[in-house]
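Participant: Okay, here's what each chain looks like letter by letter:
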Amino acid sequence: MSASTEEWKTIESGVRDHIPELHPAQVRNFGKWQYHYRPRPGVLCHVAESGEKLFTVRCGIQRQMTVDSVRFLCDIADKYCEGHLRFTVRSNCELMTTEEANVDKIIEELEAEGHPVGGTGNAITCFAHTQGWFHCDIPATDASGANKSLMDAIFEEFGREEMPNRVRLSTSCCEINCGGQADIAVVIQHTRPPRINHDILSNICELPKAVARCPVAAIRPTTVNGKPSLMVEESKCIVCGACFGACPAMEINHPEYSKFAVWVGGKLGNARTKPTNMKLVAHGLPNNPPRWPEVAEVVKNILAAYKAGGKPWERVGEWIDRIGWKRFFAETGLTFDKYMIDNYRHARISFNKSAHVRF
Amino acid sequence: MSASTEEWKTIESGVRDHIPELHPAQVRNFGKWQYHYRPRPGVLCHVAESGEKLFTVRCGIQRQMTVDSVRFLCDIADKYCEGHLRFTVRSNCELMTTEEANVDKIIEELEAEGHPVGGTGNAITCFAHTQGWFHCDIPATDASGANKSLMDAIFEEFGREEMPNRVRLSTSCCEINCGGQADIAVVIQHTRPPRINHDILSNICELPKAVARCPVAAIRPTTVNGKPSLMVEESKCIVCGACFGACPAMEINHPEYSKFAVWVGGKLGNARTKPTNMKLVAHGLPNNPPRWPEVAEVVKNILAAYKAGGKPWERVGEWIDRIGWKRFFAETGLTFDKYMIDNYRHARISFNKSAHVRF
Amino acid sequence: MSEQTDTQETFLHPTPLLDELEKGPWPGFITRLKKLANRTHNPMVRGVLDQLEYSYETRMGYWKGGVVGVRGYGAGIIARFSMIADKFPEATEFHTLRIQPPAGFHYSTKALREVCDVWEREASGIICMHGQTGNLQLIGCTQDNVQHIFDELNKLGWDLGGAGADMRSGMSCVGEARCEHACYDTLGAHFKILNNYGDDVHRPSFPYKFKFKFSGCPNDCANSTQRSDCAVIGTWRDDIQIDHEKVGAFIDNNGLDYVVNSVINMCPTRAIELKGTRDIEINNSDCVRCMHCINVMTEALSPGKDRGVSLLMGGKGHLKVGNMLGSMMVPFMKLKTDEDFAKMIEFTDRVIDWWAENGLDHERLGECIERLGIQTFLDAAGLEATPDMVEHPRDNPFFKAAY
Amino acid sequence: MSEQTDTQETFLHPTPLLDELEKGPWPGFITRLKKLANRTHNPMVRGVLDQLEYSYETRMGYWKGGVVGVRGYGAGIIARFSMIADKFPEATEFHTLRIQPPAGFHYSTKALREVCDVWEREASGIICMHGQTGNLQLIGCTQDNVQHIFDELNKLGWDLGGAGADMRSGMSCVGEARCEHACYDTLGAHFKILNNYGDDVHRPSFPYKFKFKFSGCPNDCANSTQRSDCAVIGTWRDDIQIDHEKVGAFIDNNGLDYVVNSVINMCPTRAIELKGTRDIEINNSDCVRCMHCINVMTEALSPGKDRGVSLLMGGKGHLKVGNMLGSMMVPFMKLKTDEDFAKMIEFTDRVIDWWAENGLDHERLGECIERLGIQTFLDAAGLEATPDMVEHPRDNPFFKAAY
Ligand code: SRM
Ligand code: SRM
Ligand code: SRM
Ligand code: SRM
Ligand code: SF4
Ligand code: SF4
Ligand code: SF4
Ligand code: SF4
Ligand code: SF4
Ligand code: SF4
Ligand code: SF4
Ligand code: SF4
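Heads up: the protein sequence lines correspond to chains B, Y, L and V, in order.
Everything in the first sequence is counted per the numbering used here, starting at 2 for the first residue and increasing by one.
Everything in the second sequence is counted per the numbering used here, starting at 2 for the first residue and increasing by one.
Everything in the third sequence is counted per the numbering used here, starting at 61 for the first residue and increasing by one.
Everything in the fourth sequence is counted per the numbering used here, starting at 61 for the first residue and increasing by one.
Worth flagging that the hints you see were computed from the coordinates, not collected in a lab.
All of these numbers come straight from a predicted model, not from anything done at the bench.
Treat the hints with care, as some may be off.
Between beta-carbon pairs, the in silico distance windows are [claimed, not checked]:
| # | chain 1 | residue 1 | chain 2 | residue 2 | range |
| --- | --- | --- | --- | --- | --- |
| 1 | L | Lys124 | B | Thr223 | 47 to 55 angstroms |
| 2 | Y | Asn302 | B | Ile350 | 44 to 52 angstroms |
| 3 | Y | Asp200 | V | Ile405 | 37 to 45 angstroms |
| 4 | L | Ala461 | Y | Ala213 | 28 to 36 angstroms |
| 5 | B | Lys210 | Y | Asn226 | 23 to 31 angstroms |
| 6 | V | Ile342 | L | Leu334 | 22 to 30 angstroms |
| 7 | V | Ile405 | B | Asn226 | 47 to 55 angstroms |
| 8 | L | Asp298 | Y | Pro287 | 29 to 37 angstroms |
| 9 | B | Met232 | Y | Asn226 | 40 to 48 angstroms |
| 10 | V | Ile342 | Y | Thr99 | 53 to 61 angstroms |
| 11 | Y | Cys46 | L | Lys403 | 33 to 41 angstroms |
| 12 | L | Ala461 | V | Thr70 | 40 to 48 angstroms |
| 13 | B | Gly334 | L | Thr436 | 24 to 32 angstroms |
Pairs of lysine-lysine, DSBU-like flavour, derived with a Cα cap of 35 angstroms [to be verified]:
| # | chain 1 | residue 1 | chain 2 | residue 2 |
| --- | --- | --- | --- | --- |
| 14 | L | Lys335 | V | Lys335 |
| 15 | L | Lys365 | Y | Lys33 |
| 16 | L | Lys335 | Y | Lys308 |
| 17 | V | Lys403 | V | Lys252 |
| 18 | Y | Lys10 | L | Lys215 |
| 19 | Y | Lys308 | L | Lys215 |
| 20 | Y | Lys54 | Y | Lys106 |
| 21 | L | Lys306 | B | Lys327 |
| 22 | V | Lys460 | B | Lys237 |
| 23 | V | Lys365 | B | Lys210 |
| 24 | Y | Lys10 | L | Lys396 |
| 25 | V | Lys460 | L | Lys269 |
| 26 | B | Lys210 | Y | Lys237 |
Even for Gly, the Cβ is constructed at its ideal location relative to N, Cα and C.
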């Protein structure tokens with residue numbers, strides 16, 4: 002690597018223009034698509050008003066890619082896709098061609114390199130996952146590793162369209178949840194108030210910022226060894242970890258006490274029902290690298306119950322709405338406990354304010 | 002009136018035993034009722050396992066009764082009902098007889114005295130109303146008078162069973178709303194922060210209690226004319242009137258600025274949908290005794306729209322859920338405004354958190 | 061002021077605004093009050109009408125509270141003194157006795173006439189039937205006379221209800237006394253449970269008011285979910301009872317479309333299926349006991365046989381927090397034998413003790429649970445968490461579990 | 061530790077735990093990273109793998125932040141310094157460039173190869189495609205080299221995205237480029253609107269982050285409602301377009317029961333009626349534009365012709381308040397002509413100015429609206445209240461109207 006020498010005057014070009022990046026068939030039929038169908042899992046065919054057909058092959062990638070794997074995909078795109086490709090909001094790669102005959106070839110080459118083809122329609126698709134130990138400064142686990150392990154565990158469903166509807170998954174390496182809401186989400190859960198590292202605190206921490214960051218006013222200024230420091234009122238603390246983001250001395254992560262939680266029923270789009278937040282259905286699962294088998298088990302059970310019980314087009318949350326939470330817990334073998342009842346700001350909104358009850 | 006002389010030692014008897022008060026047919030068939038039907042509006046017929054039939058005639062009363070009117074009802078009960086009668090949770094009176102032939106006679110006598118017969122099934126029934134100027138110490142209007150005026154305005158519907166489902170009404174004389182949730186509720190709304198009567202405040206008010214009563218910490222201790230007093234931070238005040246209940250010097254009521262608000266869609270029971278809170282649909286209506294015509298107009302419009310649009314068994318709130326709030330406002334001629342959007346504790350829960358929209 | 065419209069007698073002063081309330085078909089309280097005053101010549105009634113007329117004119121209320129009570133009790137009387145007694149001396153005092161009625165508002169004429177007689181003889185003769193909490197409200201007496209009146213009523217078997225920071229009077233639907241839906245004896249439960257708390261009704265020692273309400277089934281005719289701290293609502297655990305022949309008859313009479321549109325399609329969990337064209341089947345594990353199908357097809361369907369109650373806690377009105385509905389805390393318990401009642405009271409004792417210890421001044425049970433968190437409450441109440449308690453599990457990760 | 065399983069080369073140190081992630085069918089990032097390191101012998105990659113192995117062993121992370129930037133910009137680089145550089149000196153620095161990709165993640169192989177070449181030559185060769193906010197993340201360079209790398213990329217037409225308290229990079233669904241549902245040009249809107257805020261992307265001056273996301277229709281494939289402060293979602297104002305012949309064909313192919321169960325019965329407002337046995341009719345005033353029927357019968361149905369966007373505001377993640385979904389603020393606006401865009405930007409400018417003035421440190425737009433009240437926000441944004449903005453009107457009386 003060489004250091005910068007000449008002075009280049011930055012062009013604040015912002016977002017790069019997409020038009021030259023589009024596949025020519027996308028440009029030709031821009032805004033004139035009529036419908037699409039799925040010839041097989043992992044393949045879409047969009048039909049334009051002009052009658053032109055554009056085939057898309059969707060494949061899984063590892064998201065944390067290397068120049069080699071990017072170049073591999075470029076090679077395929079050059080061979081079959083007129084030199085264009087795209088990625089999806091869920092970190093899949095899409096290779097597009099107007100030649101139906103190319104579809105099988107693309108699939109063959111992708112699979113040979115270990116890129117599974119699928120993720121369309123009512124299949125599961127890649128976990129929206131986050132940085133984790135690989136790069137983030139506040140993670141309690143590794144989201145890329147968890148994603149890999151979990152996708153291995155439910156791999157078949159990526160290439161099959163056999164779920165009642167699409168299943169969006171996510172995994173996040175701290176409670177901040179950069180992975181977002183999902184049908185099934187796997188998120189690290191803090192379980193102990195932060196231990197304060199007084200040695201470094203006074204050097205690295207803007208104390209008032211850390212105090213202000215706490216949503217429940219559990220952090221108070223204090224003096225330790227004659228230096229200004231902070232203390233946490235543990236009974237108030239809701240172990241959200243917000244302070245750790247503001248100040249690395251508020252050590253919230255723990256090799257044993259950082260646990261996994263599983264959430265279900267998040268929905269991002271507006272089809273049929275409104276978007277919804279996901280709900281806690283398991284917690285206290287061990288953070289068990291490198292393969293996190295306990296978490297995989299829970300995810301598999303939920304998927305199996307949903308696959309068996311959901312009606313066509315019902316998303317995970319919609320399925321549960323219909324059968325009720327009591328049956329959800331029964332059918333997945335999970336255990337409801339008191340921590341699953343909200344006790345935060347809008348808690349009472351989620352209580353069963355009725356005599357509606359199932360036996 | 003004479004003053005108490007002899008010393009009677011109180012018997013803390015509590016709730017009076019109901020068994021001797023029941024109609025004999027109620028005792029005979031206690032827990033053994035099989036079904037009921039309504040031979041006509043205002044009349045129920047309950048059929049027991051034994052085959053015995055008990056007819057009930059329900060009539061409107063004025064709630065704020067006199068010994069004369071109570072005795073009148075007792076006279077009828079003695080004549081036709083084996084000396085028993087009951088009242089409903091909505092301040093109607095029910096006269097029960099096992100003789101079908103008595104029904105018409107009871108109706109005739111009640112109506113002759115001005116007691117309308119009705120309020121059953123899918124009719125409207127009496128407003129649940131409250132004390133008001135007649136007795137309460139914090140009212141901004143008179144609930145008995147408003148009830149009388151409003152019931153006059155929609156009187157026919159008491160004797161007809163022509164609504165999609167029952168309609169529960171209520172009217173309350175301050176925001177505390179002792180009248181409770183209802184399909185349509187008419188409630189006084191404070192619109193100005195309390196004026197503090199400093200003259201009396203220091204004599205009659207437990208200052209810390211008043212301070213503590215305020216839900217938004219808008220009341221602060223201060224000194225006025227050398228005496229400890231209170232002040233209200235008007236920008237914080239949500240004009241709830243809670244302080245007035247704690248301290249009569251916090252004058253919240255006003256001859257002009259105490260206004261009427263109308264609420265809809267409250268539901269108390271669990272049939273079909275869960276119980277729901279009522280929602281604000283009109284406010285700023287004048288507090289216009291003795292007949293409150295502006296309020297009556299709004300109530301009538303809502304009833305008319307519901308009657309025209311509701312499907313059988315749909316309560317007011319269920320009807321609106323189906324047609325949407327946009328159409329509710331269109332069909333009732335009411336105007337939605339920004340104050341109808343919640344800005345209190347759980348405000349965001351009521352926002353439309355979706356792209357679902359009607360045009 | 062306009063001319064007096066009342067021509068019957070001259071005892072009353074002119075009340076032109078109130079007289080407007082004599083018009084129209086609904087039973088008028090002004091008309092009856094005027095009749096009462098004209099017959100009894102009770103000056104308190106006249107004074108109160110005068111002050112009310114003045115309120116209608118000026119659009120302001122003129123009563124203030126105060127302390128009026130009877131020996132040994134700390135509650136039960138709502139004191140009302142006129143703020144403008146100089147203007148309306150006859151209205152100087154106008155206190156109310158809150159009397160606990162028999163459960164379900166059932167009266168023999170004998171009992172009711174006795175009350176009327178005392179009340180006409182000793183006080184105003186004005187009776188409110190009933191207060192929204194369920195009390196028989198005897199409105200209008202003076203401080204001087206209140207003990208005597210209470211003694212007279214107490215001799216006749218009546219007792220005061222709640223007011224202030226105490227156990228309030230209960231309310232119950234008619235229940236098994238005249239309703240085929242009742243899943244337990246609301247009247248008996250009202251009687252037993254309120255009388256268990258008699259001391260707390262009479263002697264305020266709670267953070268704030270506490271209300272029980274008793275509804276025989278989820279139709280909740282006693283408004284318990286919305287309007288009480290502890291709602292006792294009848295329910296059942298087994299299957300809805302179906303008389304299939306009567307289902308057929310119902311369909312014959314009302315049409316297939318009515319059954320589809322107004323029963324099957326209105327079931328909140330779609331638990332009902334049409335079988336052929338003359339029958340239905342219910343998937344009882346999907347049924348949430350809402351009552352709707354039973355309400356509509358009352359001859360053909362009825363609640364199961366394994367009956368009991370659900371307890372919902374924390375309901376209350378708007379004040380300060382916005383309306384709070386009671387929420388499911390005990391999905392099912394039996395409430396029939398003395399043992400069942402002992403269990404129930406043991407439970408509500410635990411709840412009330414916890415609240416009495418932890419509640420702030422003027423804080424209702426629901427608010428206290430909200431402030432301290434449901435987990436704390438469940439532990440104190442000795443309850444296991446179940447999914448019945450929620451519409452859905454929590455949607456935020458902000459909790460600290462004990463492990 | 062167990063024995064090293066990698067037999068290909070000896071450049072890498074043993075990573076027995078990570079090697080477990082080489083098993084299984086899903087594309088493995090460890091396998092690719094190891095291949096990369098073995099090919100390029102880039103010590104940073106080895107060091108990072110070593111530190112990651114150590115994280116897997118000790119179950120703790122070892123990166124800390126810091127300040128690394130490029131000339132003139134206040135954001136766009138995520139700095140990562142190893143906390144245990146003494147142990148893993150090769151991992152001392154590992155900074156990330158957040159590059160704004162073309163809208164809809166479309167690339168020519170030429171453009172992508174250029175990035176790869178610079179990144180392999182100058183840095184780690186690790187590329188994240190893509191970050192959850194939508195950035196092309198170039199992971200792993202040193203502070204020394206960051207300006208040079210950026211210059212090289214900038215020459216090739218790439219620019220940095222957002223980070224910190226600024227306008228973040230946008231995200232858009234494929235939209236009109238390959239989707240028959242798109243109601244506006246998401247890619248064009250992404251391009252125009254983000255570039256209008258270019259200065260705010262590069263120079264943090266907001267209370268906190270602000271995200272735009274662009275979805276062509278309410279299916280919201282860009283997750284805009286849940287994950288952006290301003291969601292721009294395509295919709296239509298007129299009637300759904302029906303090709304009745306194709307409805308008939310759909311029913312012939314899929315069966316009447318499928319249409320009833322999976323289309324008609326799943327419409328959230330029951331706006332669809334079956335007409336005979338081979339057609340449907342839609343009551344468009346009851347339709348809430350949820351997309352479901354169009355999704356299922358994509359050949360027969362499509363959005364109306366009078367198309368535009370809804371704007372939902374205030375979405376964001378869990379942190380501190382619990383997940384906030386964006387909520388409907390502008391039910392409909394056109395977004396096609398330059399004028400439309402000018403109007404839209406005038407509006408978002410007003411919103412952002414208000415938030416920038418009123419927001420607390422680290423407070424997202426949604427939190428700010430919640431704290432100051434929706435009325436204040438609507439006034440500042442110049443919006444009229446409409447029932448579209450709420451699930452229902454308020455259920456508490458605690459407001460102070462201006463009259
Ligand atoms: C490629 C992609 C957009 C992009 O620009 O990248 C995309 C593309 C399409 N989506 Fe999507 N969706 C994409 C992410 C999403 C997301 C967001 C996400 O996954 O994070 C959602 C919201 C999910 C949610 O609600 O939680 C989403 C909700 C939908 C829906 C509504 C599904 C439902 O019934 O709830 C449809 C409708 C449908 O399936 O017909 C849809 C439909 C489609 C269609 C059929 C649109 C079309 O006619 O072209 C596209 C092919 C889908 C398929 O896989 O069969 N797309 N779609 C995204 C692919 C992600 C992936 O790689 O797996
Ligand atoms: C007498 C009374 C109970 C009492 O002990 O006093 C009562 C009695 C009956 N109720 Fe009720 N309800 C009574 C107040 C209520 C209330 C509370 C209230 O009005 O304040 C409710 C809750 C209202 C709500 O949800 O907001 C109530 C919700 C019902 C329902 C459910 C209605 C629905 O579909 O939403 C039914 C079911 C039905 O109609 O078949 C019901 C059914 C009945 C039945 C049919 C039960 C029976 O089989 O005997 C009774 C005759 C009702 C009729 O009028 O046709 N009762 N009922 C109350 C009469 C009040 C009145 O004078 O108007
Ligand atoms: C008399 C009555 C209205 C009526 O005309 O029927 C009534 C009248 C008063 N209510 Fe009430 N409430 C009455 C039933 C209710 C109900 C309905 C119920 O019990 O089902 C409610 C709503 C349910 C609840 O418990 O929340 C109710 C919620 C309130 C509240 C607000 C409580 C809350 O937490 O939201 C207050 C304010 C307070 O206690 O500080 C209140 C306070 C009052 C006071 C004591 C006003 C005061 O602070 O001085 C009123 C005395 C009026 C008087 O002069 O008699 N009253 N009050 C009702 C009691 C009669 C009875 O005992 O039978
Ligand atoms: C890289 C990325 C995860 C990923 O692997 O894809 C990420 C990584 C971080 N996020 Fe995030 N967030 C990323 C997308 C998101 C998203 C998803 C989205 O944008 O659609 C969200 C939820 C949506 C939202 O905006 O709320 C998200 C919500 C957060 C939050 C909580 C914000 C909140 O108000 O709830 C924080 C905490 C904060 O900002 O203080 C945060 C903070 C962080 C920080 C900066 C942690 C920190 O405070 O130091 C992480 C830096 C990691 C790193 O080393 O690169 N990140 N973060 C995503 C950004 C990549 C990109 O630019 O493309
Ligand atoms: S979820 Fe937490 S740990 Fe993971 S990338 Fe986001 S901020 Fe970092
Ligand atoms: S973890 Fe959250 S609640 Fe606990 S001290 Fe830190 S910021 Fe406060
Ligand atoms: S609603 Fe208000 S004014 Fe009316 S009786 Fe109740 S407390 Fe008194
Ligand atoms: S009216 Fe309510 S908000 Fe205003 S000062 Fe009084 S208690 Fe506080
Ligand atoms: S609550 Fe149920 S049991 Fe009681 S009267 Fe109403 S319908 Fe009958
Ligand atoms: S009681 Fe209600 S939930 Fe149960 S089957 Fe009948 S309608 Fe459905
Ligand atoms: S959001 Fe709508 S327009 Fe965009 S890709 Fe998804 S379905 Fe197509
Ligand atoms: S778009 Fe949604 S709401 Fe509209 S008709 Fe179709 S299914 Fe119903």
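Participant: Do the alpha carbons of V/Lys403 and V/Lys252 lie within 35 angstroms of each other, as the hint requires?
Facilitator: Since the Cα atoms of V/Lys403 and V/Lys252 sit roughly 13 angstroms apart, the hinted pair holds (cutoff 35 angstroms).
Participant: Taking the Cβ atom of B/Lys210 and the Cβ atom of Y/Asn226, is their distance within the range 23 to 31 angstroms?
Facilitator: violated (44 angstroms)
Participant: Measure nothing beyond the straight line between the CA atoms of L/Lys365 and Y/Lys33; if it is 35 angstroms or shorter, mark the hint as holding.
Facilitator: This hinted pair holds, its Cα atoms lying about 13 angstroms apart.
Participant: With respect to the beta-carbon atoms only, verify the hint that Y/Asp200 and V/Ile405 lie 37 to 45 angstroms apart.
Facilitator: Between Y/Asp200 and V/Ile405, where Cβ atoms are some 57 angstroms apart, the hint is violated.
Participant: Tell me if the beta carbons of B/Met232 and Y/Asn226 are separated by a distance inside 40 to 48 angstroms.
Facilitator: Because 44 angstroms falls inside the window, the suggested range holds.
Participant: I want to verify a distance hint. Is the separation of the beta carbons of L/Ala461 and Y/Ala213 within 28 to 36 angstroms?
Facilitator: holds (33 angstroms)
Participant: Within a Cα-Cα threshold of 35 angstroms, do V/Lys460 and L/Lys269 meet the stated pairing?
Facilitator: holds (28 angstroms)
Participant: Okay, V/Ile342 versus L/Leu334 on CB: inside 22 to 30 angstroms?
Facilitator: Distance hint for V/Ile342, L/Leu334 holds at roughly 26 angstroms.
Participant: Is the hinted range of 47 to 55 angstroms satisfied by the C-beta distance from L/Lys124 to B/Thr223?
Facilitator: holds (50 angstroms)
Participant: Could you grab the alpha-carbon distance between Y/Lys10 and L/Lys215 and see if it respects the 35 angstroms cut-off?
Facilitator: Holds. Y/Lys10 to L/Lys215 sits at ~9 angstroms (cutoff 35 angstroms).
Participant: Hinted pair, alpha-carbon criterion (35 angstroms max): L/Lys335, V/Lys335. Please report holds or violated.
Facilitator: holds (24 angstroms)
Participant: Should the hint that B/Gly334 and L/Thr436 are 24 to 32 angstroms apart at their CB atoms be regarded as holding?
Facilitator: holds (28 angstroms)
Violated hints, listed in ascending order, are 2, 3, 5, 8, 19, 23; each of the other numbered hints is respected by the structure.
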